[in-house]
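Chemist: Sequences are here, hints too, so could you generate the full structure?
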Amino acid sequence: MNKKELMNNKYFIAALFLLPAVLFSLVYLIIPIPLSAYYSFFKWDGIGAMKFLGLENWAELLNDPIFWSSMANNFKLVAISLVVQIPIALFLAVLLTRKIKGADFFKTIYFVPMLLSSIAVAFLWRYMYDPTFGLINGVLNLVGLEQLTRSWLGNPDIAFYSVAAPIQWRFIPLYMIIFMAGISNIPEQLYEAAEIDGASNLQSFFFVTLPMLRSTVVNASVLIIVGSLKYFAMIFALTGGGPNHASELMATYLYSKSFTEMNMGYGSTISVALFLVALIVSVVFLRFSKKDVRN
Amino acid sequence: MINKLKQLVIYLFLLIWLVITGYPLVFLVQNSFKIRMEFFRNPVWSLPESFTLQNYIDVMESGFYIYFINSIIVCFISVAIIIIVSALASYAISRIDFKFNKLVYILFLAGMMIPIHSTLIPIYKITLSMGLYDKLSALIGPYVAFSLPISVFILTGFINDIPYELEEAAIIDGASRFRIFKDIILPLVKPAIATVAIYNLTLLWNQFAYALVLTSSPSKRILTLGLFEFQGQHGINIPLTLTALFLSVLPLIILYVFLQEHIIKGMTAGALKG
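If you read the sequences in order, they're chains A and B. Each step along the first sequence adds one to the number in my numbering, with nothing skipped, and position 134 is 134. Add 1000 to a position in the second sequence, counting from 1, and you land on the number used in my numbering.
Treat the hints with caution; some may be incorrect.
Claimed, not checked - So the derived list for chain B, only partly shown, Cβ under 8 Å to chain A, looks like this:
{"no.": "1", "residue": "F1013"}
{"no.": "2", "residue": "V1019"}
{"no.": "3", "residue": "G1022"}
{"no.": "4", "residue": "N1042"}
{"no.": "5", "residue": "V1152"}
{"no.": "6", "residue": "A1169"}
{"no.": "7", "residue": "I1172"}
{"no.": "8", "residue": "A1175"}
{"no.": "9", "residue": "R1177"}
{"no.": "10", "residue": "Y1256"}
Claimed, not checked - Here are the simulated DSSO-like pairs of lysine-lysine, each with C-alpha atoms no more than 27 Å apart in a straight line:
{"no.": "11", "chain 1": "A", "residue 1": "K107", "chain 2": "B", "residue 2": "K1265"}
{"no.": "12", "chain 1": "A", "residue 1": "K230", "chain 2": "A", "residue 2": "K43"}
{"no.": "13", "chain 1": "A", "residue 1": "K99", "chain 2": "A", "residue 2": "K230"}
{"no.": "14", "chain 1": "A", "residue 1": "K4", "chain 2": "B", "residue 2": "K1004"}
{"no.": "15", "chain 1": "B", "residue 1": "K1190", "chain 2": "A", "residue 2": "K10"}
{"no.": "16", "chain 1": "A", "residue 1": "K10", "chain 2": "B", "residue 2": "K1099"}
{"no.": "17", "chain 1": "B", "residue 1": "K1102", "chain 2": "B", "residue 2": "K1182"}
{"no.": "18", "chain 1": "B", "residue 1": "K1004", "chain 2": "B", "residue 2": "K1102"}
{"no.": "19", "chain 1": "A", "residue 1": "K4", "chain 2": "B", "residue 2": "K1099"}
Honestly, the hints are just simulated from the structure, not real lab data. C-beta: ideal position from N, C-alpha, C; glycine also.
Modeler: Next up, the structure:
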């Protein structure tokens, strides 16, 4: 084929257009997955020689209580995020889409936490949680609730909930905006009809807004579920997964095994497990949300 | 009367959330103006005794400004590459019928599901073997790959909505695909490119994990990592750390003041259609 023919071949042209994107994706997203799987069969410190272990890392993983508790924490975070973020975001979205003065002002300010890096949010909250100088204990003391003051991040019983709170704080505005866009797409006539039928605000919320937002809520839930498998920086900066692994997630555990203990073989094993969990969760929920749309 | 009461209740709730969202930010700014001893002496919610800028000077003199420069360099180069690469791919997916369009599109989107932390070890290894470890350029590849799925998603959707007639005449005239892409499509997708650029800029500005794993020397730190290290060194001096924190979030807040609609549109684009 000469050059002219080649340039008229649409497969060749398509390949040219796709090539850069495919290259970046292959090197930094796709190949790392089988590569991790390969490393998971070795003992390796990241620099020196690799020693073949067979399935030893995998056997260790299955018997590693910290891995299982970190996975449980990931799912606990999913549950907390769904229960906290969706209702609050929906509530705020409903309030802000009513014709009230200043709605734009509130919306603008509410969105600011989404602009802060996870590290910034983590440190901001760390200083609010500070047992001695922090805002939260300070306010509790001020209003005479000294018995409620505690070491928010140092107590293993509550550390997990303390790191879950800033995550909710940061992401509620995202879902609020998504719901606001969803609500503004609902035809006004539906509300008018409901009003003529004598529906109260609460009734039109449950019988008009909520059913019409069904697919938006499902989408938001998928985002929350997939997103909470990706949390790392905020917890890394707040507690590092401690105290005593109380706030450990799969990603923080994988980091400390791989890059603090330099046990990259085992770290790769956790990586593959994390990928598999994300894959299973994504497939299950995509199925679920597709079915939802069909109905 | 009932309506007035309803309004009042709505504003009450809105104010409560305003305090929950806004007060931590006020807390951040007001304490950045306090000197260290004053912070320990007075309650955290007190106003500064005098508005000293000493903390700001100290943060900048500690070399913190290097992290800003590094972040700007890495983010801008990455975003430029992302725009070119994702626009090219989106054009092929949307306009060239090569039979696997749908499959390629879905594969790109599937990239969004990959938890990036599960790729850190191989990327560390790949970066080492390319000789890029502890260089700012090490971050560009992962940043581009990380941003591709959502960028391809936004741009493909946008190109799909462009009427085909605009290109037809050019195709009949025998213009090459690349010419059509450059002269017809690119000018038309400018608004979507702006959204993609601003959205990725905000995400990459706040990225942390890749820099943590791929760089080590202080002169190569980007802002998030610099802030992390700064807290490690100066964490006891709370007002000073809060100042560094405030400075690190300031650029995006300024950007947000001017480009609010773009930022919000980008951040919600993935959720509304997907």
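Chemist: Hints first: check each against the structure and report whether it holds.
Modeler: Consistency of the hints with the structure:
1. F1013: 6 Å, holds
2. V1019: 10 Å, violated
3. G1022: 6 Å, holds
4. N1042: At 10 Å from the nearest chain A Cβ, N1042 of chain B fails the 8 Å test, so the hint is violated.
5. V1152: 7 Å, holds
6. A1169: 18 Å, violated
7. I1172: At 14 Å from the nearest chain A Cβ, I1172 of chain B fails the 8 Å test, so the hint is violated.
8. A1175: Hint on A1175 of chain B: violated, closest Cβ of chain A at ~12 Å, above 8 Å.
9. R1177: OK, holds: R1177 of chain B within 8 Å of chain A, min 5 Å.
10. Y1256: Y1256 of chain B check passes; min Cβ-Cβ to chain A is 6 Å, inside 8 Å.
11. A:K107 / B:K1265: Answer holds: K107 of chain A to K1265 of chain B is near 13 Å, not above 27 Å.
12. A:K230 / A:K43: 26 Å, holds
13. A:K99 / A:K230: It is violated: about 37 Å lies between the C-alpha atoms, which goes past 27 Å.
14. A:K4 / B:K1004: 74 Å, violated
15. B:K1190 / A:K10: Holds. K1190 of chain B to K10 of chain A sits at ~25 Å (cutoff 27 Å).
16. A:K10 / B:K1099: Given that 27 Å is the threshold and the Cα spacing comes to 10 Å, the pair holds.
17. B:K1102 / B:K1182: 23 Å, holds
18. B:K1004 / B:K1102: 53 Å, violated
19. A:K4 / B:K1099: 22 Å, holds
Of the numbered hints stated above, those contradicted by the structure are hints 2, 4, 6, 7, 8, 13, 14 and 18, listed in ascending order.
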